Amino acid sequence: MSPKSHKRARSPRPQQAILFAALGDDTRLALMAKLVSGKPASIAQLGAGSSLTRQAITKHLRVLERAGLVHSVRSGRERQFAFDPRPLDAMQHYLDRVSQQWDQALVRLKSFVET
Amino acid sequence: MENKIEKTIELNAPVARVWRALTDYREFGEWFRVALEGPFVPGQPARGHITWPGYEHVVWQAIVQKMEPERLFSFTWHPYAVDPSVNYSSEPPTLVEFRLEPIPTGTRLTLTESGFENVPAHRRAEAFRMNDGGWTQQMKNIETHVAQKP
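If you read the protein sequences in the order shown, they are chains A and B.
Residues 1 to 115, numbered by my numbering, are exactly what the first sequence covers, in order.
Residues 1 to 150, numbered by my numbering, are exactly what the second sequence covers, in order.
Please keep in mind that the hints were generated in silico from the structure rather than gathered at the bench.
Any given hint could be a false lead.
Counterexamples of contact, computed for chain A against chain B with all Cβ distances above 12 angstroms [to be verified]:
1) 30
2) 36
3) 79
Between beta-carbon pairs, the in silico distance windows are [to be verified]:
4) A:33 / B:45: 40 to 50 angstroms
5) B:97 / A:45: 42 to 52 angstroms
6) A:45 / B:108: 49 to 59 angstroms
7) B:69 / A:111: 20 to 30 angstroms
8) B:104 / A:26: 47 to 57 angstroms
9) B:54 / A:111: 16 to 26 angstroms
10) B:49 / A:56: 49 to 59 angstroms
11) A:89 / B:85: 22 to 32 angstroms
12) A:78 / B:7: 46 to 56 angstroms
13) B:54 / A:79: 39 to 49 angstroms
Note that this is a predicted model, so its numbers are computed, not measured.
Here a beta-carbon is modelled for each residue, glycine too, at the ideal position from N, C-alpha and C.
Okay, chain A solo, but in the shape it has when bound:
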């Protein structure tokens, strides 16, 4: 996979609300489950074994793409879709960091008011 073959999600600033909305759907969660193994898959592969139409899968993938959770890779004449964990990682790290800072600030406050 060369960087050139990556087509990034349209939205440059996926926000957490979009992220949660994207994940709050059984069909999309099922699609994600197929993609988290790390191997890109085509629409046909994603639809194998399910009753979903090509159109429905495309629609759901677009939602995941907007949230930055999936990006498409062109492979010959076909588009393949790959899982991108970065939006989830970034969110968790960010909250962890802010949270740690508050822990430290509150410890300073405690020693400040208790002396």
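Please build the complex by placing chain B on the supplied structure of chain A, with the hints as guidance.
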């Protein structure tokens, strides 16, 4: 995944004492490590330079929301807004709330910070990157300072 931070701490000090430490701008600055320019006023911005060694060039800014004496103090701000070359004002802020409650041993303080669902993804990633090396050392400096000045 939580999109809100909530922390509760019990302080062995009366509510009035904690209220002053939170809302007197000089006292707030002492433990929060910021030299504020003036008192907190609801609806008004509060600003000042961070007093952490190495970060003195960074301006801290918040907008005071509520000041309900000895009960609630809140402000909005941009967490990790530490890059002087970036204008954060167009980005959605988060809301910080300090709630005070008297308990037999003193005060129960509950801190919440909410609104993270609106923080742009690139900022979240940046906060993680910039923080990893530098702040750890700064925290050690602060701990040393507090220990020396109980």
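Results for each hint:
1. 30: Non-interface label on residue 30 of chain A holds, nearest chain B Cβ at 19 angstroms vs cutoff 12 angstroms.
2. 36: holds (16 angstroms)
3. 79: The claim holds: residue 79 of chain A sits with its nearest Cβ about 23 angstroms from chain B, beyond 12 angstroms.
4. A:33 / B:45: 40 to 50 angstroms: holds (47 angstroms)
5. B:97 / A:45: 42 to 52 angstroms: holds (48 angstroms)
6. A:45 / B:108: 49 to 59 angstroms: holds (55 angstroms)
7. B:69 / A:111: 20 to 30 angstroms: About 24 angstroms separates the Cβ atoms of residue 69 of chain B and residue 111 of chain A, which means 20 to 30 angstroms holds.
8. B:104 / A:26: 47 to 57 angstroms: holds (49 angstroms)
9. B:54 / A:111: 16 to 26 angstroms: The hint (16 to 26 angstroms, Cβ to Cβ) holds, given that residue 54 of chain B and residue 111 of chain A are roughly 22 angstroms apart.
10. B:49 / A:56: 49 to 59 angstroms: At 55 angstroms between Cβs, range holds.
11. A:89 / B:85: 22 to 32 angstroms: Since the Cβ atoms of residue 89 of chain A and residue 85 of chain B sit about 25 angstroms apart, the hinted range of 22 to 32 angstroms holds.
12. A:78 / B:7: 46 to 56 angstroms: Check passed, 50 angstroms falls within 46 to 56 angstroms.
13. B:54 / A:79: 39 to 49 angstroms: holds (48 angstroms)
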